[in-house]
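**Q** So the chains spell out like this:
Number of protein chains: 2
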Amino acid sequence: MNMPITRPEFTADPANLTFGADGVTVSWPQRSWTFHPIWLREQSREPSARDQAIGQRLFDAWRLPTDLQITAADLVDDAMTVTFSDGHRASYPLDFLLRESRSAVPDDLVGAPRTWDSAHAPSPRLGWTDVMTSDRSVLALADALAVHGFCLLTDGPTGVDDAEDIANRFGPIRRTNWGGVADIKVMADAVDLSQTNRELEPHADNPYRLPAPGYILLHCLRNDADGGDSTLVDGFHVAEILRRDDPDAFDVLTTTATRFRYVDPDTVLEHYGPLIELAPDGSVRRLRFNNRTEEPPALPAGRLAAYYAARQRYATLLHASSNTLVFKLEPGQLLMINNYRLLHGRRGYALEAGGRHMRQAYLDRDCVASRQKVLRRRFGMDLDHWRTSE
Amino acid sequence: MNMPITRPEFTADPANLTFGADGVTVSWPQRSWTFHPIWLREQSREPSARDQAIGQRLFDAWRLPTDLQITAADLVDDAMTVTFSDGHRASYPLDFLLRESRSAVPDDLVGAPRTWDSAHAPSPRLGWTDVMTSDRSVLALADALAVHGFCLLTDGPTGVDDAEDIANRFGPIRRTNWGGVADIKVMADAVDLSQTNRELEPHADNPYRLPAPGYILLHCLRNDADGGDSTLVDGFHVAEILRRDDPDAFDVLTTTATRFRYVDPDTVLEHYGPLIELAPDGSVRRLRFNNRTEEPPALPAGRLAAYYAARQRYATLLHASSNTLVFKLEPGQLLMINNYRLLHGRRGYALEAGGRHMRQAYLDRDCVASRQKVLRRRFGMDLDHWRTSE
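Chains L and Y, in that order, are what the protein sequence lines are. Okay, so the first sequence: first residue is 1 according to this note's numbering, each after it adds one. Okay, so the second sequence: first residue is 1 according to this note's numbering, each after it adds one.
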C-alpha cells in the first residue's frame, strides 16, 4: 500500500512521502529517509504521549507492539500527519524529520570542530569582563570551545578564586579531591608533578578520573619565572593524521583500553579507556594521553608490542613542533580548554628570576553544552532538539 | 637465550622464570604470564623512573625503543630483578606481577557483584549514625554497593539537607542544574515526571547527562501517602539473563547507541550510549534505561526494527515481578543506589491520606571508589595498586 503523496506547492521544504510496512519514507530534494513506525510513534508529542509542560514521555515506548503499522500519512502545511494501527494520530514538523534523519549522535557542543596545526592555529580571544557581563560572549566562548577547542580570556583579575566566576557563567564548578579552584605552582608537599617546575608533556587532564574533567579553566595569577610557556596540541588533528597515515596504528589505539592511576595519601583514582576514543559514527570523540599516570595493563605480549609501536607513532606526532602552539600566559588571562580534544602542557621553568602561579578549575561536559544550547535557543539559533511546549 | 631460573626454596610465592625476546615469562604454580619488556620498563619504580614521593613517571614511556630487550632477570627474595638493554635495572614484587597478570581493567569498586532476583534479594542495612561516625561502616557501605548494588541506611534524621552529611563521608556531592540535594515530591512547577505522583518505571537516573550520576542517595523525609513504594531491579542480573536466553538481542542492545534528552527552560542535556554497556573484558559495565527521556536516533528502519524487538525483550525482563524488589522507605531512611547497575522506580501514589517527600543527591563513580580503596588500604586489605613510597 505504498501511496506517494507529493506537494509541489510546498516550497519552503518540498517533500514527498510514501508509506508501507517498514515505515514512512520522506523525500526532500536533497535527501530521502525511511522512518520506522515505532520511532514515529514514540516521538509523538501529542498530549496522550507527552507531558505538555515537561516534554517527557507518558507511556512505555517499549510496550508498543513490534508490528505497529502506519495506516495513513499526509502532508499538512510544513508537517507530516500520521495515523497508526493502534489508533494514535500525531503530527511531525518536516524540519524536525529532516534534522533527525541526519543526526544519530548528539554532539555535546553545537559546532563542527575545525582542526589546526601550529602554522594554522587560530587565536580565539574574549575579554574577561565581556564574558562576565554578556551572554553573547558566553555563547562565543562555548562556540570557540566547539570549533577550536580552546579560548583565551584576557584582561581579567588575579584573585585566587576568580576563575570560579567564569565557571559560574556556565554552571556549577566541578569539585574534586583537590577542591574547587586549585593551585598549579611549585609546592613542597606536591602530590602531582604539575606542582613542580618540571616540563609537562602535552597531556589530557585526569584520565584516571571517572568522570574525567570536561573543560579546564587555567587562570594565570603570576608568570614571570624563566620559562613556563604553555603548549597546546589539537589532538583531533593529530588523530586524523594517524588515521590517514597509519590506519593499523589508529585501529590499535582506538581498540586497546589502557589504564591511568593517581594515588596520594587520601586518594586512589583509576580508570581506563583507549588513547583515541571514537563516537558511534566513527568520528574521534575523546583523547586520553597522560604519560606520567598511564599504567597500561599487562596484556598479552604480542598485543602490547602492537600497542607500544602505535603509541610511539602517535606520541611522536603529538610532540611535533609543527603541531604545537606555544605561548606564555599573562597575569589576568584565563585559558579555557576542551579536555576531550586538546592536549596541553608547559615548558619547565626556573624560579630564580620570578614566580609562576596558576589556578585551575574544571567544568563538566554537559554543563557547558547545556549553557550553549540554552543561549542558542534564546537567541533564536538552530538547535538539535524540539519540544511541544515552546 | 631462554634461561630458566627456578627457586624451589621460595615457598611463599614459588615462581619460575624464563626470558627471551618477547619478555619475561613468570610461572607460578597456578598461572604463567609473559611480561613485555617495555611494560616492565615503564612499570619501574626506581628513583630515575618515578618520583619517589608522588609515584608518577618521570620519563616519557613512549620514547622507549620498541626493540628494548631484557638482558638479565633473576629472582631475589619475593621479587624479580630485571636488567634492560638500555642499562636500566629494576625490581618487581612477585605479588605485584601476579596481580597485574590478572587485572586488565580496574573495577571502579573493589568487590565482585553478586547478582540477585526478588526471591534472593539481599537486604544490606547500616545505621545512619554508624556511617557518620565509623570509617569501617563507610567501607561496609561501599562494599555493599559493589556486591549488592545498594544499601539502606536506617534510623537517620529527616532534615532537608541531611543527605549531604552521608555524601560527605565519601567526597564532594555532585552538583547539577538541580543543585546539590534536590526535592523529589509533587511540585506545581514540575520540570521532571519524578516531581509528580506518577508511577516511575524502573530506570537509571539521568542517562542524558555527561557525566551521568554514579550513585544515588535517596533520603526519605516523609512517606505516609497511599502508595509510593520503592522498586529496585538488579540490571546486571537481568542483562545476564538476556545474554543467556537471547544473545542476538543482547548484541543489539550492547552495540546500538540510543539517545536521552532532558529539557527545561534553563537546561538542555543530551547524551547517548547503548542500553547495555560492556567493559573491555565483555562484562556488563553500565546500564541505561529511562523510558521517559529516551529519544532513539532515527537509525535505518531495519536496524531500528531489531533494536525495538530487543528492547522489548529486555524491558519485559526488567519489569518482571520476579526481578523486582519492592519496599516502602520510612522517614529517616536513606537508600544508596549504584546507578550504573540497579534500576529503581516507585509506584504511583495518592496524597489524600498523607504526603511523600524524598530528597535526592548524587555522588560520582571515582569519589566512592577512591574512598573505598583508601579505607581498604588503611585497614590493610587487598588493593589493586602498588606504590614505591608506601
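Hints listed in this document are in silico derivations from the structure and should not be mistaken for laboratory results. Take these hints with a grain of salt, some might be off.
[Claimed, not checked] EDC-like mimics (lysine to aspartate or glutamate), calculated; alpha carbons at most 20 Å apart, straight line: (1) Lys328/Y x Asp229/Y; (2) Lys185/Y x Glu240/Y; (3) Lys185/L x Asp229/Y; (4) Lys185/Y x Asp117/L; (5) Lys328/Y x Asp135/Y; (6) Lys328/Y x Glu352/Y.
**Q** Each hint: holds or not?
**A** Outcome of the hint check:
1. Proximity of Lys328/Y to Asp229/Y is assessed by CA-CA distance (about 5 Å); at most 20 Å being required, the pair is judged to hold.
2. The hinted pair formed by Lys185/Y and Glu240/Y fails the criterion: a straight-line CA distance of about 34 Å is larger than 20 Å.
3. Taken as a hint, the Lys185/L and Asp229/Y pair is broken in the structure, with Cα atoms around 52 Å apart against an allowance of 20 Å.
4. Proposed proximity of Lys185/Y and Asp117/L is contradicted: the alpha carbons are some 52 Å apart, above 20 Å.
5. The straight-line distance between the Cα atoms of Lys328/Y and Asp135/Y is roughly 28 Å, outside the 20 Å bound, and the hint therefore fails.
6. At most 20 Å may separate the alpha-carbon atoms for a hinted pair to count; Lys328/Y and Glu352/Y meet this at roughly 18 Å.
In this structure, the earlier hints numbered 2, 3, 4, 5 are contradicted, and the remaining ones agree with it.
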